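Residue numbers (numbering that gives the first Met the number 0), protein chains in the order written: chain A, 0 to 216; chain B, 0 to 418; chain C, 0 to 191.
Simulated from the structure, these hints should not be mistaken for laboratory data. These numbers were taken from a predicted model, which means no experiment stands behind them. There could be a bad hint or two in this list.
[Unchecked claim] Calculated pairs, EDC-like style, for lysine to aspartate or glutamate (alpha carbon to alpha carbon, straight line, at most 20 Å):
hint, chain 1, residue 1, chain 2, residue 2
1, A, LYS55, B, ASP377
2, A, LYS55, B, ASP285
3, A, LYS55, B, ASP68
4, C, LYS41, A, ASP86
Here is how the chains run, residue by residue.
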Amino acid sequence: MINWRWAVVLSILVSATCLGAEPNLRKVNVDIQDTGAQKRGFKIYMEYCKGCHSAKFMRYERIATDLSIDPEEMRSQYINDSSSLHDSIRSTAPSDSLSKLFGAAPPDLSLWARYRGEDWLYSYLTGFYFDSERSFSYNNKVLHNVNMPWVLNYQQTHETPKIFGERIRDLTSFMVYMAEPIRSYRESMGQYVLLFLALLLIPVYLLKQSYWREISQ
Amino acid sequence: MASRLLKGHRFLRWVNERLPLEKAYKTHMSEYYAPRNFNFWYYFGILSMVVLFIQFVSGIWLTMQYTPDAEHAFDSIEYIMRDVSAGWFIRYMHEVGASFFFIVVYLHIFRGLLYGSYKEPRELLWLIGVAIYIVLMMEGFLGYMLPWGNMSYWGAKVVLSLIGAIPYIGESLQVWIQGDYQVSGVTLSRFFALHVTLIPILLIGLVFLHIIALHQVGSNNPEGIEIKLVKNKDGVPLDGIPFHPYYTVHDLIPIVVFLILFFGVIFYYPDGGGYFLEPPNFLPADNLSTPEHIAPVWYYTPFYAMLRAISFDFLGISAKFWGLVVMSGAIGLVAFLPWLDRSPAKSMRYKGWASRIMLALFTISFVTLGVLGAHPSDWMPFWMAPFFTLIYFAYFLGMPFYTSLENSKPVPQRISSGR
Amino acid sequence: MIDKKVNLSRRSWLIRTISALSTVGMTAWITPFVKFLAPSAKARGLGAPVEVDVSTIEEGSMKVVEWRGIPVYIIRRSRSDIASLQKYEDELKDPNSNTDQQPDYARNRTRSIKPEILVVEGVCTHLGCTPKYRSEKVDGLFTGLFCPCHGSTFDFAGRVYSNVPAPTNLRVPRHRYIDDDKLIIGSDRLVS
Chain A
0 MINWRWAVVL
10 SILVSATCLG
20 AEPNLRKVNV
30 DIQDTGAQKR
40 GFKIYMEYCK
50 GCHSAKFMRY
60 ERIATDLSID
70 PEEMRSQYIN
80 DSSSLHDSIR
90 STAPSDSLSK
100 LFGAAPPDLS
110 LWARYRGEDW
120 LYSYLTGFYF
130 DSERSFSYNN
140 KVLHNVNMPW
150 VLNYQQTHET
160 PKIFGERIRD
170 LTSFMVYMAE
180 PIRSYRESMG
190 QYVLLFLALL
200 LIPVYLLKQS
210 YWREISQ
Chain B
0 MASRLLKGHR
10 FLRWVNERLP
20 LEKAYKTHMS
30 EYYAPRNFNF
40 WYYFGILSMV
50 VLFIQFVSGI
60 WLTMQYTPDA
70 EHAFDSIEYI
80 MRDVSAGWFI
90 RYMHEVGASF
100 FFIVVYLHIF
110 RGLLYGSYKE
120 PRELLWLIGV
130 AIYIVLMMEG
140 FLGYMLPWGN
150 MSYWGAKVVL
160 SLIGAIPYIG
170 ESLQVWIQGD
180 YQVSGVTLSR
190 FFALHVTLIP
200 ILLIGLVFLH
210 IIALHQVGSN
220 NPEGIEIKLV
230 KNKDGVPLDG
240 IPFHPYYTVH
250 DLIPIVVFLI
260 LFFGVIFYYP
270 DGGGYFLEPP
280 NFLPADNLST
290 PEHIAPVWYY
300 TPFYAMLRAI
310 SFDFLGISAK
320 FWGLVVMSGA
330 IGLVAFLPWL
340 DRSPAKSMRY
350 KGWASRIMLA
360 LFTISFVTLG
370 VLGAHPSDWM
380 PFWMAPFFTL
390 IYFAYFLGMP
400 FYTSLENSKP
410 VPQRISSGR
Chain C
0 MIDKKVNLSR
10 RSWLIRTISA
20 LSTVGMTAWI
30 TPFVKFLAPS
40 AKARGLGAPV
50 EVDVSTIEEG
60 SMKVVEWRGI
70 PVYIIRRSRS
80 DIASLQKYED
90 ELKDPNSNTD
100 QQPDYARNRT
110 RSIKPEILVV
120 EGVCTHLGCT
130 PKYRSEKVDG
140 LFTGLFCPCH
150 GSTFDFAGRV
160 YSNVPAPTNL
170 RVPRHRYIDD
180 DKLIIGSDRL
190 VS
């Protein structure tokens with residue numbers, strides 16, 4: 000007899016292989032446990048991104064706790080506006096004036112890493128280049144005819160590609176963290192849950208065997 | 000066991016005189032005789048009950064912090080994910096639970112096709128099951144809109160504009176259902192109301208009827224043998240075993256395995272590789288910008304592919320409407336299975352080769368349509384979707400012919416030792 | 000069909016093990032549902048300590064500050080108000096603040112850190128109405144804090160009089176001064 004189980008498993012496998020990844024993106028492989036990188040990325044975000052991009056779902060207090068930044072240090076070293084610890088990241092410039100300037104309102108970046116993916120972010124942020132054909136004089140490999148200013152122009156043109164790449168990796172790490180602050184906790188929690196359930200499976204299996212032994216085959 | 004318990008407990012005895020505790024326990028547990036040869040495919044009924052319970056509880060909790068209004072819906076989901084203690088866990092449970100519900104239900108339905116569980120005397124049981132499936136699809140559709148992400152919005156918009164394809168009344172019906180000229184906050188509020196009240200009540204009621212109907216006619220089994228036909232002098236089916244304790248301890252295994260998979264996804268792949276939580280849904284709803292590629296959540300994609308497969312006007316009626324007809328026909332036909340199947344045997348084990356091949360083709364076409372529906376329409380050659388739609392329909396519409404023409408094996412009276 | 004040779008003690012051991020493990024598992028599973036109901040980070044942010052400048056409050060007047068959704072009264076008492084605290088002590092239910100309605104540093108006659116400034120929650124201990132402040136300037140009427148709902152009366156230190164419905168003195172929230180004029184309500188520790 001045909002084993003129907005395998006027919007289903009096989010068709011699922013076949014369909015799964017059809018789902019390819021997006022091409023032409025540079026892999027970044029962010030380490031979600033690396034709070035050092037996230038902290039450096041947070042600093043970059045506050046200095047270069049926050050001017051235009053809010054992150055309205057991310058509270059400073061949460062960042063301080065998760066990235067083990069002392070509240071006092073958070074106030075003095077990171078928060079550069081009148082926000083309190085309980086506030087979330089607000090952009091410095093009002094978004095309507097920015098949208099007049101650049102043709103589009105700068106999006107809120109809280110969830111951007113989950114919308115675009117870490118590889119997209121990394122490729123986009125390292126993907127700026129000079130383009131004499133555009134009135135802006137620069138362009139982006141991932142997002143053609145980009146509206147956003149080339150904010151890290153100086154860093155990209157003056158630093159070695161390796162150092163600049165590390166810098167963007169840090170920023171990407173932070174944005175990945177920001178898109179789901181709970182992620183590293185959830186993954187560490189998961190192993191206990193799965194271990195517990197695997198343990199539970201043993202007596203459950205033995206109990207079934209114990210009862211089913213009564214039924215003669 | 001129940002009577003032993005009742006003897007000891009004065010309170011339980013008091014209740015039992017006023018509520019049929021012992022009777023219910025006997026009818027549904029200790030003296031409900033199930034065939035002794037259930038296999039892998041018989042796990043998914045109980046598992047769908049487990050998911051229903053998880054969805055029910057986590058859903059109640061989510062309503063406490065969710066705001067069903069266009070201004071705040073998206074933010075309130077992120078609020079639950081970040082600010083509410085353990086909110087992420089409850090939300091992921093509900094979200095992953097939705098997908099697992101459909102996985103389990105699809106496998107449960109497949110079991111029915113495989114072993115002919117829809118055939119006499121289980122027609123009504125099957126019809127209730129189809130009703131559960133339809134109600135579940137509605138529940139999933141309404142629920143998918145609630146996060147008010149861009150995919151929620153455009154997904155709802157695309158499906159609702161299908162209603163507009165119904166001739167004459169379509170457009171006004173669509174506006175009436177939306178409560179606005181476009182999908183808007185008004186639509187969101189009423190969808191929320193339906194998602195958390197009416198549809199769950201229907202769902203739970205139907206599930207209750209499904210179980211009652213099952214226990215009335217008795218369970219089918221992989222052999223498709225009616226165990227009630229051969230009983231001992233006490234009226235106990237010779238091939239039956241009491242549901243409790245044998246199947247209760249038996250079902251604990253799949254439940255724990257299921258929980259391992261379920262929590263594995265929650266803790267490690269909560270967005271299901273972009274299929275359970277689609278990336279465009281991390282942008283708030285924007286009525287001026289459609290996501291680059293709209294695909295419904297995976298559990299609707301087979302039907303979505305069928306809808307897209309119809310691209311020609313026919314009899315002066317638009318392709319859009321025929322798409323709707325094909326799609327609802329694909330779901331509706333499932334209800335007619337008990338009367339389409341003319342085979343004397345229930346189980347594939349005794350049916351002929353035609354039935355087996357058709358079921359295999361049907362399964363392949365359903366999965367393929369699902370994959371096609373999740374991708375842009377130019378992703379694969381155009382003929383594929385109509386071709387597999389035809390196979391899907393051929394399985395149902397050809398059934399009266401191939402089941403009566405093929406040679407099936409005689410079904411024995413007793414379940415042999417092999418399981 | 001039923002084979003009777005079964006190890007029953009092993010079976011009951013298994014049942015007990017599974018029950019114990021399931022209880023642990025269910026408890027762990029229910030925990031997030033319980034935590035879900037506690038105040039969220041947003042609510043905790045809104046319930047954070049409030050800073051008040053007390054220098055602008057005139058003698059014999061009151062400032063109301065919202066903290067955790069309740070009014071907190073900050074009253075600057077005059078010398079005579081403070082003197083009056085001693086006068087009617089035998090008419091009070093709990094003149095020495097024995098009931099735990101204040102932090103230890105407010106368990107004194109004035110129920111305050113600084114004698115002239117009273118910080119109390121404006122919530123009547125009877126059924127939660129907001130008592131009205133009546134300074135001595137109003138003639139003929141009761142002076143102190145008067146609850147309009149059921150007529151409970153409190154003196155200038157928020158201490159309840161006998162023979163009124165309110166059972167205890169008004170609550171004094173945790174507070175501290177960061178300098179002479181700046182008061183933090185909701186916290187008495189150095190790091191908020």
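Query raised in the report: So which hints don't hold here, by number, going up?
Result: 1
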